[in-house]
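Novice: So the chains spell out like this:
Protein chains: 4
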Amino acid sequence: MPGFSWPIRVYFEDTDMAGVVYYANYLKFMERARTEWLRSLGFEQDHLKAHERRIFAVRSVEIEYLSPAVFNDALIVESRVLRAGKASISFAQEIVRKRKEGGGDVLCRGRIKIACLETDSFKPAIMPKDLLEAVKSVC
Amino acid sequence: MPGFSWPIRVYFEDTDMAGVVYYANYLKFMERARTEWLRSLGFEQDHLKAHERRIFAVRSVEIEYLSPAVFNDALIVESRVLRAGKASISFAQEIVRKRKEGGGDVLCRGRIKIACLETDSFKPAIMPKDLLEAVKSVC
Amino acid sequence: MPGFSWPIRVYFEDTDMAGVVYYANYLKFMERARTEWLRSLGFEQDHLKAHERRIFAVRSVEIEYLSPAVFNDALIVESRVLRAGKASISFAQEIVRKRKEGGGDVLCRGRIKIACLETDSFKPAIMPKDLLEAVKSVC
Amino acid sequence: MPGFSWPIRVYFEDTDMAGVVYYANYLKFMERARTEWLRSLGFEQDHLKAHERRIFAVRSVEIEYLSPAVFNDALIVESRVLRAGKASISFAQEIVRKRKEGGGDVLCRGRIKIACLETDSFKPAIMPKDLLEAVKSVC
Numbered sequence: 098m099p100g101f102s103w104p105i106r107v108y109f110e111d112t113d114m115a116g117v118v119y120y121a122n123y124l125k126f127m128e129r130a131r132t133e134w135l136r137s138l139g140f141e142q143d144h145l146k147a148h149e150r151r152i153f154a155v156r157s158v159e160i161e162y163l164s165p166a167v168f169n170d171a172l173i174v175e176s177r178v179l180r181a182g183k184a185s186i187s188f189a190q191e192i193v194r195k196r197k198e199g200g201g202d203v204l205c206r207g208r209i210k211i212a213c214l215e216t217d218s219f220k221p222a223i224m225p226k227d228l229l230e231a232v233k234s235v236c
Numbered sequence: 098m099p100g101f102s103w104p105i106r107v108y109f110e111d112t113d114m115a116g117v118v119y120y121a122n123y124l125k126f127m128e129r130a131r132t133e134w135l136r137s138l139g140f141e142q143d144h145l146k147a148h149e150r151r152i153f154a155v156r157s158v159e160i161e162y163l164s165p166a167v168f169n170d171a172l173i174v175e176s177r178v179l180r181a182g183k184a185s186i187s188f189a190q191e192i193v194r195k196r197k198e199g200g201g202d203v204l205c206r207g208r209i210k211i212a213c214l215e216t217d218s219f220k221p222a223i224m225p226k227d228l229l230e231a232v233k234s235v236c
Numbered sequence: 098m099p100g101f102s103w104p105i106r107v108y109f110e111d112t113d114m115a116g117v118v119y120y121a122n123y124l125k126f127m128e129r130a131r132t133e134w135l136r137s138l139g140f141e142q143d144h145l146k147a148h149e150r151r152i153f154a155v156r157s158v159e160i161e162y163l164s165p166a167v168f169n170d171a172l173i174v175e176s177r178v179l180r181a182g183k184a185s186i187s188f189a190q191e192i193v194r195k196r197k198e199g200g201g202d203v204l205c206r207g208r209i210k211i212a213c214l215e216t217d218s219f220k221p222a223i224m225p226k227d228l229l230e231a232v233k234s235v236c
Numbered sequence: 098m099p100g101f102s103w104p105i106r107v108y109f110e111d112t113d114m115a116g117v118v119y120y121a122n123y124l125k126f127m128e129r130a131r132t133e134w135l136r137s138l139g140f141e142q143d144h145l146k147a148h149e150r151r152i153f154a155v156r157s158v159e160i161e162y163l164s165p166a167v168f169n170d171a172l173i174v175e176s177r178v179l180r181a182g183k184a185s186i187s188f189a190q191e192i193v194r195k196r197k198e199g200g201g202d203v204l205c206r207g208r209i210k211i212a213c214l215e216t217d218s219f220k221p222a223i224m225p226k227d228l229l230e231a232v233k234s235v236c
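Protein chains in written order, with the working numbering: chain S, 98 to 236; chain H, 98 to 236; chain W, 98 to 236; chain F, 98 to 236.
It is worth saying that the hints were derived from the structure and are not from the lab. Some hints could be false.
Which copy is meant is left open, so a pair is good if it fits within one copy or across any two.
To be verified - DSSO-like, lysine-lysine: derived pairs with alpha carbons at most 30 angstroms apart:
no., residue 1, residue 2
1, LYS146, LYS197
2, LYS146, LYS226
3, LYS220, LYS146
4, LYS195, LYS210
5, LYS220, LYS233
6, LYS146, LYS195
7, LYS197, LYS183
8, LYS197, LYS220
9, LYS226, LYS183
Given the structure is predicted, the values throughout are model-derived calculations rather than measurements.
Just chain S, same shape as in the assembly (with noise of 0.2 angstroms):
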């Protein structure tokens, strides 16, 4: 999967009693790889927020658990954006645990929905302009 790949180190905090990693983490995870690329395009959420009275929020998650991460593991996030709307951006993303030899295995694959909102209102709201071009570069 092509895209904005982020790495992931596995601590103590995110494993539970199974020893491997608690499933509502690997969303944790995702979250901090959207951040991250949208840093990459040049955009801080915090200067949205206060500047341009925009939030992101979570609409949807459809995630499959194929094979469990576990403590001390170097993950790669994977994220793609699928669609990019005025308001709303889609990704598929994918947690891969790398292999010594090359290549890794998914572990995790998702599509996230995520809506534009106003700050104060929680309405959903267009993107503000530069934001939605560079988005849509990338799509």
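Following the hints, position chains H, W and F against chain S.
Specialist: Relative to chain S, chains H, W and F alone:
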């Protein structure tokens, strides 16, 4: 949605800087409810792990976020079994905010597929017979 | 330790790969208990924030971990006010695992100092008078 | 504070409705830094657990919160060994926000005591000799 109801109070730890519950945390609420549902049928996961060599793992989640929960909300997680196989259970779960005047608003809605695994190998494994019967009895 | 008791059930989300509750999560349990203690006195933090412009922030924590909690444990958080100033409260809190035969084991023990702050400036601020009186009444 | 430095970026998951990092999450940041410090000495906790039957557990934490971290902050966790016994290590750790113009502000400061335990019994156990020597070399 008839089924099993479990109350959840929203605390500081559940919220994020947008002033609402962080999207991954609804998955924690849903898991608490599934744990309590299993307990209500007479089964404890620590006992299943130690004595039956069985654990449960989430295979997939589809979740739609309709409206955010906030600090202090008194939520209800409604859980219903959609299908029970020999080594898997599919749930429909909703998180509802009660209204003082009665009724409630659905804040998010999910379908969660759980697999029964052998404790050490993490391979799919048939559920103990009494558990399977109990689950089928509430489908 | 006499004072305010609040029950906590340990779920999968609370545990780590060592099979016990992750050390930072006991601080979540203690905060839930302080929130419920405040509610038991008749004060809600969302109301204090919106109508009195006051929030609470933790200034310091001293915590000793004596014995680990595990999945499914039915814990009690015991909380007692040690000192109440005009803009701060110090708590002694213990997390106890109940024994079936009565009594319990203290799993961890903490001293937590809380400051009352003005909502926007985050500067120390005197507690509302009725809150201060209520807190002093239970010292 | 000379010693081992580890960078941490603050994400949405770390914040709470007060708009700052939730107080328990600084303990996660400190643990990540201790894990990386151990790795920098050449030791991996998954290897220690599997091959030496040793895990680490936190015995006590003293932490002072001086100033809050916020979303997007680029933090540094500074870690220094205060004392190393045969079965315990005491750390001083600080979380610092870098200033663009150089230097930084200490946001919180802690003392954390770690015990080395035998994996299954959870009883105190002497550290492997090479680990103990490595730790003493950086005291």
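Novice: Does each hint fit the structure? Answer for all of them.
Specialist: Hint by hint, here is what the structure shows:
1. LYS146 x LYS197: Intra 41 angstroms, inter 21 angstroms, cutoff 30 angstroms: inter-copy only.
2. LYS146 x LYS226: within (15 angstroms within a copy, 35 angstroms between copies)
3. LYS220 x LYS146: Answer is both: 14 angstroms inside a copy and 23 angstroms across each meet the 30 angstroms cutoff.
4. LYS195 x LYS210: Both ways: LYS195 and LYS210 sit 26 angstroms apart in one copy and 27 angstroms across, limit 30 angstroms.
5. LYS220 x LYS233: within (22 angstroms within a copy, 42 angstroms between copies)
6. LYS146 x LYS195: between (35 angstroms within a copy, 22 angstroms between copies)
7. LYS197 x LYS183: Answer is neither: 41 angstroms inside a copy and 34 angstroms across each miss the 30 angstroms cutoff.
8. LYS197 x LYS220: Classified as between: cross-chain Cα gap 24 angstroms, same-chain 46 angstroms, threshold 30 angstroms.
9. LYS226 x LYS183: Within one copy only: 9 angstroms inside a chain, 49 angstroms across chains, cut-off 30 angstroms.
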